[in-house]
Structures are given as structure tokens and as C-alpha cells.
Amino acid sequence: MTVLEAARPVAPAQEAEPGAPSAPRHALAVATGFAIAAASLVMASLLGAYLSAAGAADVWPPQGVVVPNVALLATYASLLLASLTAQWTLAALSSADRRHMYLAVGLTLVFGGAFVNGMTFSWAQLELVAGSSAYADAVYAVTVTHLLLVVSAMLVSVVVGFRALAGQDSTRHRELVACATAWWHFVVAAGSVVWFVVWFLEREL
Amino acid sequence: MSTIATNVRAAGRPVELPGVAGWLTTSDHKRLGRVWLATSLVGLLVGAGLLVVVAVEGFESGQQVLTGDSLARVQAGFHEVLVLGFLAPFAVGLATALVPLQIGAPGLAFPRLAALALWTHVVSLGVLLGAYLAGGGVTASGRASDLHIVALGGLAAALSLGLVCVVATAATWRAQGMTLSRAPSFTWAVLVGGGALVLASSVLVGRVIESYIHSRYADVPLDPSSFSWFWSTPQLGLLAVPFAGIALEVVPVLSRSRYRVHTSALVVLAAMAILGVGVAAQPVAVLDDVLAVLVAFASVLPPLVVLALLGDTVRRGSRPTAVAALMSVVAVLLLLVGATVGAIGAVSGLDLVGTSWQDGQFAVVVLGAGVLGAASALWYWAPKLYGYQLSELAGTAAAAAVVAGSLTYALAQLANGLLNDLPAGSASWTGSDITTLHRLALVGAGLVALGAALVVVELLRSIALGQGFRAGPDPWQGATLEWATSSPPPAVNFTTPVAVVTSATPLWDEVAEVSR
Numbered sequence: 001m002t003v004l005e006a007a008r009p010v011a012p013a014q015e016a017e018p019g020a021p022s023a024p025r026h027a028l029a030v031a032t033g034f035a036i037a038a039a040s041l042v043m044a045s046l047l048g049a050y051l052s053a054a055g056a057a058d059v060w061p062p063q064g065v066v067v068p069n070v071a072l073l074a075t076y077a078s079l080l081l082a083s084l085t086a087q088w089t090l091a092a093l094s095s096a097d098r099r100h101m102y103l104a105v106g107l108t109l110v111f112g113g114a115f116v117n118g119m120t121f122s123w124a125q126l127e128l129v130a131g132s133s134a135y136a137d138a139v140y141a142v143t144v145t146h147l148l149l150v151v152s153a154m155l156v157s158v159v160v161g162f163r164a165l166a167g168q169d170s171t172r173h174r175e176l177v178a179c180a181t182a183w184w185h186f187v188v189a190a191g192s193v194v195w196f197v198v199w200f201l202e203r204e205l
Numbered sequence: 001m002s003t004i005a006t007n008v009r010a011a012g013r014p015v016e017l018p019g020v021a022g023w024l025t026t027s028d029h030k031r032l033g034r035v036w037l038a039t040s041l042v043g044l045l046v047g048a049g050l051l052v053v054v055a056v057e058g059f060e061s062g063q064q065v066l067t068g069d070s071l072a073r074v075q076a077g078f079h080e081v082l083v084l085g086f087l088a089p090f091a092v093g094l095a096t097a098l099v100p101l102q103i104g105a106p107g108l109a110f111p112r113l114a115a116l117a118l119w120t121h122v123v124s125l126g127v128l129l130g131a132y133l134a135g136g137g138v139t140a141s142g143r144a145s146d147l148h149i150v151a152l153g154g155l156a157a158a159l160s161l162g163l164v165c166v167v168a169t170a171a172t173w174r175a176q177g178m179t180l181s182r183a184p185s186f187t188w189a190v191l192v193g194g195g196a197l198v199l200a201s202s203v204l205v206g207r208v209i210e211s212y213i214h215s216r217y218a219d220v221p222l223d224p225s226s227f228s229w230f231w232s233t234p235q236l237g238l239l240a241v242p243f244a245g246i247a248l249e250v251v252p253v254l255s256r257s258r259y260r261v262h263t264s265a266l267v268v269l270a271a272m273a274i275l276g277v278g279v280a281a282q283p284v285a286v287l288d289d290v291l292a293v294l295v296a297f298a299s300v301l302p303p304l305v306v307l308a309l310l311g312d313t314v315r316r317g318s319r320p321t322a323v324a325a326l327m328s329v330v331a332v333l334l335l336l337v338g339a340t341v342g343a344i345g346a347v348s349g350l351d352l353v354g355t356s357w358q359d360g361q362f363a364v365v366v367l368g369a370g371v372l373g374a375a376s377a378l379w380y381w382a383p384k385l386y387g388y389q390l391s392e393l394a395g396t397a398a399a400a401a402v403v404a405g406s407l408t409y410a411l412a413q414l415a416n417g418l419l420n421d422l423p424a425g426s427a428s429w430t431g432s433d434i435t436t437l438h439r440l441a442l443v444g445a446g447l448v449a450l451g452a453a454l455v456v457v458e459l460l461r462s463i464a465l466g467q468g469f470r471a472g473p474d475p476w477q478g479a480t481l482e483w484a485t486s487s488p489p490p491a492v493n494f495t496t497p498v499a500v501v502t503s504a505t506p507l508w509d510e511v512a513e514v515s516r
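First to last, the sequence lines map onto chains F and X. Take the first sequence: its position 172, counting from 1, is numbered 172 in the working numbering, and each next residue is one higher. Take the second sequence: its position 429, counting from 1, is numbered 429 in the working numbering, and each next residue is one higher.
Worth flagging that the hints you see were computed from the coordinates, not collected in a lab. Where hints are given, some of them may not hold.
As the list claims (entries may be wrong) - Ranges of calculated distance between the beta carbons of each label pair, as one might list FRET restraints:
id	chain 1	residue 1	chain 2	residue 2	range
1	X	PRO221	F	VAL65	19 to 29 Å
2	F	GLU175	X	LEU393	31 to 41 Å
3	F	GLY167	X	PRO473	38 to 48 Å
4	X	ASP219	F	ASN117	28 to 38 Å
5	F	PRO62	X	THR139	19 to 29 Å
6	X	ALA512	F	HIS26	27 to 37 Å
7	X	SER348	F	SER52	13 to 23 Å
8	X	ARG112	F	VAL129	31 to 41 Å
9	X	PRO221	F	LEU51	15 to 25 Å
10	F	LEU165	X	LEU133	41 to 51 Å
What the hints assert, rightly or not - Which chain X residues face chain F? A few, computed with CB under 10 Å, are given here:
id	residue
11	ARG31
12	ARG34
13	ALA105
14	LEU163
15	ALA168
16	TRP173
17	SER201
18	VAL203
19	LEU204
20	GLY206
21	GLU210
22	ILE213
23	ALA218
24	ASP219
25	LEU336
Since the structure is predicted, the reported quantities are computational estimates derived from the model, not experimental observations. Yeah, the Cβ is synthetic: ideal placement off N, Cα and C, and Gly gets one too.
All chains, full assembly: derive it from the sequences and hints.
Written as C-alpha cells, this is what we have:
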């Protein structure tokens with residue numbers, strides 16, 4: 001029996017005693033919910049500012065800006081895959097499959113890294129200088145913030161991976177993995193909106 | 001696991017170090033809360049000082065103390081310091097210290113995150129003040145301005161983090177039997193008001209990111225309207241929710257009476273929070289919208305209902321004599337005045353947006369209701385926070401100064417906005433009536449600063465110098481769980497198991513059962 005299997009069965013409900021429970025119940029899930037809501041509003045605020053700047057400009061994007069559509073599509077597609085592998089991590093933990101869990105965490109990090117690499121490549125291709133135009137400022141505000149969200153999700157995955165390597169697979173750890181997965185899904189959803197608004201719609205604005 | 005002490009070990013509470021190192025590394029929610037409160041009182045003193053400087057500028061036309069466009073920066077600065085350095089952090093600090101006690105929990109859900117939030121706030125407030133001194137602020141550009149924007153982002157992020165810790169605790173670690181409908185009014189106010197404030201702060205963070213890129217890379221001066229929505233109608237109503245919660249908590253206990261229906265208090269606080277979410281009201285021109293005007297007028301209703309609830313409770317109980325109750329009732333009255341002023345200001349035909357009318361509303365809500373609500377909380381919960389009771393005489397004097405000062409300052413600003421169309425923070429004007437009103441504002445600002453100083457001096461005298469009255473576990477014969485433990489509480493909060501909660505006033509139920 002693996003450690004995961006041993007830890008899996010939930011302890012039988014004990015007779016309730018007066019007082020508060022020994023630890024908060026699902027506090028991490030509540031905090032993750034708030035984090036997702038808060039980060040959604042940060043992104044919404046930035047996208048609102050982007051659209052507002054686009055609406056106020058005569059030409060959007062400025063003359064001479066060539067968006068590397070193929071590179072960006074590949075970059076955001078790799079992010080989409082990270083969402084799948086993050087879900088795989090949770091599924092592997094639920095079925096006590098430690099090997100697949102390591103693989104899923106590793107692949108999630110690889111896809112996250114591919115996104116970071118793809119974004120930096122795309123920025124280099126764009127040759128935009130921050131501060132040179134409203135377009136450059138708005139694009140960097142949205143995409144850099146989103147990139148930081150992806151990096152935060154990668155850091156959480158690193159923590160999940162290390163905790164799994166250290167053999168921590170209690171109920172609390174399962175909650176952490178579930179929250180990490182939810183965070184990845186949010187980051188990917190936010191990325192999809194960014195791709196649609198900033199890169200796909202750019203000619204329509 | 002039959003004792004709370006065992007429960008705390010299970011929650012993984014780290015060992016507290018002694019001395020200064022202990023304060024710097026603490027993750028005990030009570031100590032964190034005290035540092036939050038101390039920082040917020042520093043913010044209050046600095047904000048009140050900046051207010052006096054701005055008021056001195058109005059003594060006569062032209063600039064007396066400040067030069068160039070520094071008046072505009074200080075004008076915006078005292079709003080920022082009073083809201084992000086005093087009002088919001090005071091609520092976060094009080095919630096950090098009290099909410100776990102009120103819900104019978106042995107600690108805070110994410111204590112290390114709460115410590116990170118606190119120290120981020122302290123550092124950011126220091127950076128903000130440093131940035132002002134270096135010439136940063138609104139309408140400025142350059143490195144000092146970048147620093148100012150970063151500090152604002154740090155303050156907003158710290159407040160959000162601190163609130164998430166408290167809200168997660170209140171949502172997931174309540175004592176057995178304490179359903180949300182039985183939650184104490186203050187805890188509920190933090191839950192709904194704090195939750196909404198986290199979301200509003202996130203939008204502020206978004207504006208900070210955008211402003212930073214403009215300032216840092218394009219050298220564009222900071223637009224004041226990027227942030228001013230955070231302390232304008234209707235957002236001011238959201239910032240006031242915890243203070244309404246304080247009043248709804250304090251007055252029933254001190255008048256020995258319950259609400260007819262406890263849920264009514266919870267519903268009105270939730271309504272106040274929902275109406276107060278002001279992220280849509282940016283830029284302020286949005287107030288031309290019919291919906292925004294309706295929201296501004298609807299914001300008058302919750303303080304009115306709070307006042308009615310308090311009045312009904314006092315009528316059915318005994319008239320409270322403690323100064324904390326008086327402060328709470330007057331704070332809610334001022335909230336009502338502030339909401340009414342905000343509603344009038346939202347009427348586009350009156351053209352009050354951008355005038356000193358808005359400064360008047362800010363003064364009523366933040367300097368009046370905010371400072372008074374904070375003082376009421378300190379006078380009521382000082383036994384739990386510090387183990388001392390504060391002087392009633394000092395409290396009365398401070399309250400009188402704050403009420404007189406905030407109303408005088410507000411009346412002068414409102415009159416200047418309504419009668420003279422004076423732009424907010426204007427440094428040059430003509431006309432003797434404007435000057436007279438500005439001199440009145442200076443008197444008001446001075447009184448507010450005096451009241452704030454009296455609060456701080458009384459705290460220092462009673463607690464730091466140890467000259468206050470030592471408090472017993474339950475000096476007010478309180479109704480909620482924080483009064484079931486010693487004053488101040490031990491590290492584990494409760495040394496005996498907390499009884500199963502069966503109503504919103506568990507301690508009064510216990511007393512009634514014993515006497516039966």
C-alpha cells in the first residue's frame with residue numbers, strides 16, 4: 001500500500017465536542033476563491049483600460065506594429081495544455097497514482113515554462129518599447145500581469161510537487177492540489193480572454 | 001482532543017519569541033491586530049496633520065506653507081493616508097484581533113499570511129510617506145512618483161491579504177452551532193464588507209499597475225481620478241461597513257437589549273456593502289448615469305435603518321451611559337449625514353462633482369464617522385485588546401473634539417462647494433466669504449487633530465504607561481464569545497472549551513440558564 005493509499009480514507013466522523021474545530025474547514029478553498037475573484041478583477045480592470053485606450057486611439061495598433069500571431073497562438077495553446085495537466089495532477093492524487101502525479105506536475109511546469117518563453121519571444125518580435133505609445137503601455141500592462149499570474153501558478157505547482165515528494169498527501173494536501181488546479185484553470189481562462197481581446201481582436205478595435 | 005490547547009497544537013501554532021523579536025515575527029492574531037491598530041493610529045495622526053496643513057493653506061488666498069503644485073499632492077495625500085493608512089487598516093486590525101475571539105476560534109486561518117500582510121502594509125505606508133517627502137504624489141512624475149504608486153499598490157495588496165485571512169477564518173472556523181445568522185454583527189460586517197473590499201481593492205491594484213507603467217515608462221503624471229473613486233461615493237459607504245458593524249455590536253450590549261430580529265442587523269450590513277461597491281463609479285463622470293444616482297440615494301437607507309435598529313434596541317433596554325455607546329450612535333448619525341451629502345452630490349444638475357463639496361462628504365464620513373467609530377471600538381474592546389479600560393472622561397473629550405471638528409470642517413467645505421463652486425483643493429481664490437469659510441475649516445481641522453491626539457494620548461497613558469483601569473474578563477457583561485475569556489486573552493484564546501452556540505448572544509443565554 002502506498003502512502004497515498006494509506007492516507008486516502010477519510011477519518012470516521014468523531015462525536016462532536018463543544019468549541020471550534022481543530023483546524024479551519026476548507027479555509028484554503030475559501031481563500032483561493034477570493035484570490036481568483038480578486039485576480040479576475042485586476043485583469044478586468046486592466047482589460048477595461050486597454051479597451052478604453054483602444055477606443056480613444058485613431059489607429060490601433062499603431063502603424064508598423066506586426067503581431068506575431070503564429071507564435072502567440074502556440075504560446076497560448078501551451079498554456080491551455082497546462083490546464084489539462086493540472087487537472088491530471090488532481091486526478092492522479094485522487095486515484096493514489098504517485099507516478100502519474102509527478103509526471104502531471106512536471107508537465108504542468110513545462111507548459112507553464114513554455115508559455116513564459118513564448119511570451120518573451122513574442123514581446124521581442126513585437127519590438128514594442130514601453131512608454132512609446134498607449135498601445136505599448138496597455139499591451140504590457142495586460143500581458144505582464146497575466147504572465148505574473150502564470151508564474152504564481154507555477155510556484156504553487158512547485159510547492160505541490162515538493163510536498164508530494166516529501167510524502168505529504170493528507171486531506172489538507174488534497175485541498176492544496178485542488179486549489180492549485182483551480183488556480184491553473186483560472187490563469188488559463190484569463191489567458192484565453194487576454195488572447196481574444198489583445199491579440200485576436202486587435203484588428204477589429 | 002478534548003482541550004483547546006491540544007486543538008491549537010494541531011493547528012500548527014508556531015512558538016512566540018519574547019521581546020521585540022517576538023513582535024516582529026509574531027503570527028498571533030492578537031499581537032498582529034495590535035500592530036495594525038498602532039499603525040493605523042499613526043496614519044490617523046499623519047493624515048490629520050496633513051489636513052491641518054491643507055487647511056492652513058486656505059487661511060488666505062495664495063500659498064503659505066507649500067509651494068508649486070505641492071498643495072494638490074498634499075490634498076490627495078491626506079485622502080490616501082486617511083483611507084489606506086487609517087480607516088481601512090484600522091478595520092483590518094480590529095478584525096484580525098477580534099474576529100477569532102468572537103467566533104470562538106483558537107487562531108487565525110493563515111497566520112503567516114496575515115503577518116506578511118501587516119508588514120507589507122507597514123513598509124508600504126513608510127514608502128508612501130517617503131515618496132511624498134521626495135516630491136512624489138498626484139500630478140508629479142519621476143522616480144518619487146513611481147515610488148508613490150508602488151506604495152499605493154502595496155497598501156491595497158496588504159489590505160486585501162489581511163482581509164482574506166480574516167474572512168476565511170470567519171467563514172470556516174466558527175464555533176459549533178454558530179451559523180452565519182448567529183454571527184456577531186462586527187464579524188458579519190467584516191465578512192461582507194471585507195469580502196467586498198477585497199474585490200474593490202483588486203480594481204485599485206489594476207489601476208496601480210496601469211498608472212505605474214504610464215508614470216515609469218511614459219513619464220506621464222499620475223491622474224488623481226485613477227484612485228480618487230476609492231474614497232468617493234459610493235465606495236465610502238463600503239469603507240464604513242465595519243464601523244456600522246461596531247455600532248451594531250456595541251450599543252445593544254451597553255443598553256442590555258437584543259435586536260428584535262438579529263438577522264435584520266445582518267441584512268442591513270450586507271445591503272450597505274453591496275451598495276458601497278464603487279468600482280463602476282470611475283471616472284466620477286459616471287455619476288451622470290441614472291443608476292449611479294439611484295445607488296447614491298439608496299446608500300442613505302442602510303445608515304437610516306441602522307439608526308432605527310439602534311434606537312429601537314435602546315428604547316427596549318436601558319439608556320447606555322458608557323461613552324463607547326454614545327460614540328457609536330453619533331458615528332452612525334454622521335454616516336447618515338455623509339450618505340445624504342453623497343446623494344446630493346451625485347445629482348448632476350447641481351455640478352458638485354470636483355468641488356469642495358466632495359471634501360465635505362469625505363470629512364463627515366472619514367474624519368467624523370470613521371474616527372468616532374474607531375474610538376468607540378477602542379473604548380469598548382480595550383479590555384480584550386490590551387487588558388485595560390480607558391477613561392470615560394478622555395473618551396468624551398476626544399469624541400466632542402472629533403464631532404465638532406469634523407462637522408465644522410465639513411460645513412465649511414460643503415458651503416464653499418455649493419455656494420462658491422470652489423474646486424476641491426484650490427489654492428487661489430478671491431472673495432471674503434470663501435476666506436471666512438476656509439478659516440472655519442482650519443478650526444475644524446485643528447479640532448479633529450486634537451481629538452485624534454487625545455485618543456492616542458489616552459491609549460499611551462492607559463496602556464503604555466499602565467495608568468489605565470485593569471479590566472476583568474467581562475466588564476460590559478457582553479453577549480458574544482470574546483467576553484468568555486480573560487482580558488487580555490491567553491495565547492490560545494480560550495482555556496476551556498467553548499460551549500455550543502445556540503443564538504447570537506451566547507453569553508446572555510448562559511446567564512439566563514444559570515439564573516433559571
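Evaluation of the provided hints:
| no. | hint | in the structure |
| --- | --- | --- |
| 1 | PRO221(X) / VAL65(F): 19 to 29 Å | holds (26 Å) |
| 2 | GLU175(F) / LEU393(X): 31 to 41 Å | violated (52 Å) |
| 3 | GLY167(F) / PRO473(X): 38 to 48 Å | holds (44 Å) |
| 4 | ASP219(X) / ASN117(F): 28 to 38 Å | holds (31 Å) |
| 5 | PRO62(F) / THR139(X): 19 to 29 Å | holds (27 Å) |
| 6 | ALA512(X) / HIS26(F): 27 to 37 Å | holds (34 Å) |
| 7 | SER348(X) / SER52(F): 13 to 23 Å | holds (21 Å) |
| 8 | ARG112(X) / VAL129(F): 31 to 41 Å | holds (40 Å) |
| 9 | PRO221(X) / LEU51(F): 15 to 25 Å | holds (23 Å) |
| 10 | LEU165(F) / LEU133(X): 41 to 51 Å | holds (49 Å) |
| 11 | ARG31 | violated (20 Å) |
| 12 | ARG34 | violated (22 Å) |
| 13 | ALA105 | holds (5 Å) |
| 14 | LEU163 | holds (8 Å) |
| 15 | ALA168 | holds (5 Å) |
| 16 | TRP173 | holds (4 Å) |
| 17 | SER201 | holds (8 Å) |
| 18 | VAL203 | holds (5 Å) |
| 19 | LEU204 | holds (8 Å) |
| 20 | GLY206 | holds (3 Å) |
| 21 | GLU210 | holds (5 Å) |
| 22 | ILE213 | holds (5 Å) |
| 23 | ALA218 | holds (4 Å) |
| 24 | ASP219 | holds (7 Å) |
| 25 | LEU336 | violated (29 Å) |
Checked against the numbered hints above, the structure violates hints 2, 11, 12, 25; every other hint is satisfied.
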